[in-house]
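Asks: Same order as they appear, the protein sequences are chains A and B.
The numbering used here numbers the first residue of the first sequence as 12 and each following residue consecutively.
The numbering used here numbers the first residue of the second sequence as 12 and each following residue consecutively.
Keep in mind the hints are simulated off the structure, nothing from the lab.
It is possible that part of the hints are untrue.
What the hints assert, rightly or not - No more than 20 Å apart at the CA atoms, straight line, and that leaves these computed lysine to any residue pairs for SDA-like: (1) B:Lys278 - A:Met270; (2) B:Lys77 - B:Asp48; (3) B:Lys363 - A:Glu263; (4) A:Lys162 - A:Gly176; (5) A:Lys243 - B:Leu411; (6) A:Lys272 - B:Lys363.
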Amino acid sequence: MYEILERQELNNTVTRLVIHAPRVAKKAEAGQFIILRTDEDGERIPLTIADYDREKETVTIIFQVVGATTEKLNHMMVGDCLHDFVGPLGKATHTDGLKKVAVVGGGVGCAIAYPVAKKLHSLGCEVHSIVGFRSRELVILEDEFKSVSDKFVLMSDDGSAGQRGLVTDALKSLIESGEQYDEVITIGPLVMMKFVSLLTKEHGIKTVASMNPIMIDGTGMCGGCRLSVGGKTVFACVDGPEFDAHQIDFDEAMERSTMYKEFERHAHTDACNLFKKEVE
Amino acid sequence: MANMSLKKNEMPTQAPDIRNKNFDEVALGYTEEQAIDEAKRCLNCKNMPCVAGCPVKVHIPAFIAKVAEGKFEEAYEIISEASSLPAVCGRVCPQERQCESKCVRGLKGESVGIGRLERFVADYHNSKAKVWPDKIKSNGHKVAVIGSGPAGLACASDLAKKGYEVTIFEALHLAGGVLVYGIPEFRLPKSIVQMEIDGLIALGVTIETNTVVGKSISIDELMSEEGFEAVFIGTGAGLPKFMGINGENLIGVYSANEFLTRINLMKAYRENSSTPILHARRVAVVGGGNVAMDAARCAKRLGADVHIVYRRGMEELPARKEEIEHAIEEGIVFDTLTNPVEIIGYHNPDNKRDPLNGTVCGMKCVKMELGEPDASGRRSPVEIQNSEFVLELDSVIMALGTSPNPLIKNTTSNLEIGPRGGIVTNEVGKTSREGVFAGGDAVTGSATVILAMGAGKSAASAIDEYIQSK
Chain A
12 MYEILERQEL NNTVTRLVIH APRVAKKAEA GQFIILRTDE DGERIPLTIA
62 DYDREKETVT IIFQVVGATT EKLNHMMVGD CLHDFVGPLG KATHTDGLKK
112 VAVVGGGVGC AIAYPVAKKL HSLGCEVHSI VGFRSRELVI LEDEFKSVSD
162 KFVLMSDDGS AGQRGLVTDA LKSLIESGEQ YDEVITIGPL VMMKFVSLLT
212 KEHGIKTVAS MNPIMIDGTG MCGGCRLSVG GKTVFACVDG PEFDAHQIDF
262 DEAMERSTMY KEFERHAHTD ACNLFKKEVE
Chain B
12 MANMSLKKNE MPTQAPDIRN KNFDEVALGY TEEQAIDEAK RCLNCKNMPC
62 VAGCPVKVHI PAFIAKVAEG KFEEAYEIIS EASSLPAVCG RVCPQERQCE
112 SKCVRGLKGE SVGIGRLERF VADYHNSKAK VWPDKIKSNG HKVAVIGSGP
162 AGLACASDLA KKGYEVTIFE ALHLAGGVLV YGIPEFRLPK SIVQMEIDGL
212 IALGVTIETN TVVGKSISID ELMSEEGFEA VFIGTGAGLP KFMGINGENL
262 IGVYSANEFL TRINLMKAYR ENSSTPILHA RRVAVVGGGN VAMDAARCAK
312 RLGADVHIVY RRGMEELPAR KEEIEHAIEE GIVFDTLTNP VEIIGYHNPD
362 NKRDPLNGTV CGMKCVKMEL GEPDASGRRS PVEIQNSEFV LELDSVIMAL
412 GTSPNPLIKN TTSNLEIGPR GGIVTNEVGK TSREGVFAGG DAVTGSATVI
462 LAMGAGKSAA SAIDEYIQSK
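Chain A on its own, in the form it takes in the complex (with noise of 0.2 Å):
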């Protein structure tokens, strides 16, 4: 079992969580992540590592609210312990060699730039974060980015927080008012992911985009998180969750990541009216 040893609640729909996992503390690099059961027949699902601590052997995740397991895993308090939890799967992120970058985050995604950037800023990188929100009140981690950044742009749709605008607009700008970046890396929804990739590709930028595809397993056996990348069908538990966005085939992978939606939207609004009855 693994206990929650620190929760703490970043918006209204994001938390973050800090879990005693000593085995996947010891080996945990930036760019992997674990999968987790909350309970005995619960749903396996992946989540990228937020952040760990070898020393005191925990790792942090954070997630938001999607669908019946998270909403599970958000009524989980500090002292209860999740059932399972594994990892750390999937392959860390390049960092090598790398003078300078925009970490490029969007939504719940800039829990997983963060350590990217983080990473990065450790290691001597020049960081330039971009990072993009719906509007104030989902705003994560503003903070945190702005200690490891060399150069912090906040964006939201409505303009609520930082300059309104799309991440991409900041990017556009930054690329041509001169700045001049070794590599892009891009964690965020699959749109927003695709945009970025189209405009640093017309650019010629290389850039790297983390996936969150459906997955079951995250060791290569059951195929369920296969996305096509250079007209090839790759494994992203294996073999990612990193790859080049510009083979990246973003149409396809946003399909196949409706494949459960409905389900999804029937079990969530379930466990809600399940938790309300708890409640009453």
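Place chain B on chain A using the hints.
Replies: Coordinates of chain B only, in the frame set by chain A:
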């Protein structure tokens, strides 16, 4: 007096039209009377051809003789000398190609129902109040077993009985490997697998789930930091194969591994399951092995019309005979001599937000005919010109086998890997790396439960020899 009936005692089963709607076990097992009657069909041949057909050399005539006398526990003792998982093998071994294919009674009539008798004996034993074996006194040596499928369980069991301190590392949240994620409940109830695992724990074996060797810890670290003197790799086959045709990433295309894992391990067939599964109306399962049959029969139970699409003929289907018969009885259609060339997806040109965009709506196939036998003696299928047709479908399950998982080979120094990705071993499971042994699908590629179990057993004795001679 031997029972000279030409036919086996029939196996009581759930009626096809009832069982194809539930996940309860199909075959119900012999009664004591049926078992004794069947056992009496055995002629107790001196040269024991059946034993030669058994990969782990169970002393078949001896256990059957005990069944004929009604001494079922003694029969169990005899089977357990050679087999670690009798209740499992009695259910999933391809007996018609192993022991039963050599049975003298099969020359005229049907062979003795050896598999059914093995299952009866194991179930009889398991139904009695369980007396767990006493924990064996430790000999002070630690061995790590990676993977808790049939190879790992067999290896751990034999080593624990010799006094080794065995830890099994399992990547998933539940032990059992393919026995729990792959083979469905209606063919192998999970309670039977759990009983075997409980037996191992009683012997003193530690099982550490949620540990991916190659990620959470490496083999090098197990040996240098955690004090394991030897390691057995029984990680099974890995990445599912696809055909490489267009449309394989459409919504509704599953690998058999994913489809079966959702259903078996994650219990997606239960109404209140938190793991989703598509409930398709028409499904094609591509492939002809046991995994294809399992996937097809699961899809049927979820309410679909199911077609098996296989490029050779009925005679060439590699699945167990009983599974093919059961599948036919349950209403699964066999489109043999048929090969898929493309999976067709739905895309609404007028509505980019149509929820059906990107979903499977059909599969283009060609008809095949069998050509001349090739070097291996198998007749290879050849495409018939202009025979294209489209099967209307909303789901496709690819059951084409697997290729070895790269996690261990990428993280273990000096481990020799064969040209097809399998770990290279000698005949007793020794790898190129000192103290590291391997067996089962991780070495051979997709094979059977019994072969994996046999490999686990021979590696166990090789590990014992290796540690004792150090």
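Asks: Does each hint hold? Answer for all of them.
Replies: Hints, one by one, checked against the model:
Of the pairs offered as hints, the one joining B:Lys278 and A:Met270 holds, with about 18 Å between alpha carbons and a cut-off of 20 Å not exceeded. Taking the CA atoms of B:Lys77 and B:Asp48, the gap is near 12 Å; set against the 20 Å cutoff, the hint holds. Distance hint between B:Lys363 and A:Glu263 is fulfilled; the C-alpha atoms sit about 13 Å from each other, no more than 20 Å. In summary, the hint linking A:Lys162 to A:Gly176 is supported, as the alpha carbons are separated by about 18 Å, within the 20 Å threshold.
With a C-alpha separation of about 18 Å, the suggested pairing of A:Lys243 with B:Leu411 holds against the 20 Å cut-off. This hinted pair checks out: A:Lys272 and B:Lys363 have alpha carbons roughly 16 Å apart, not beyond 20 Å.
In this structure, every one of the numbered hints holds.
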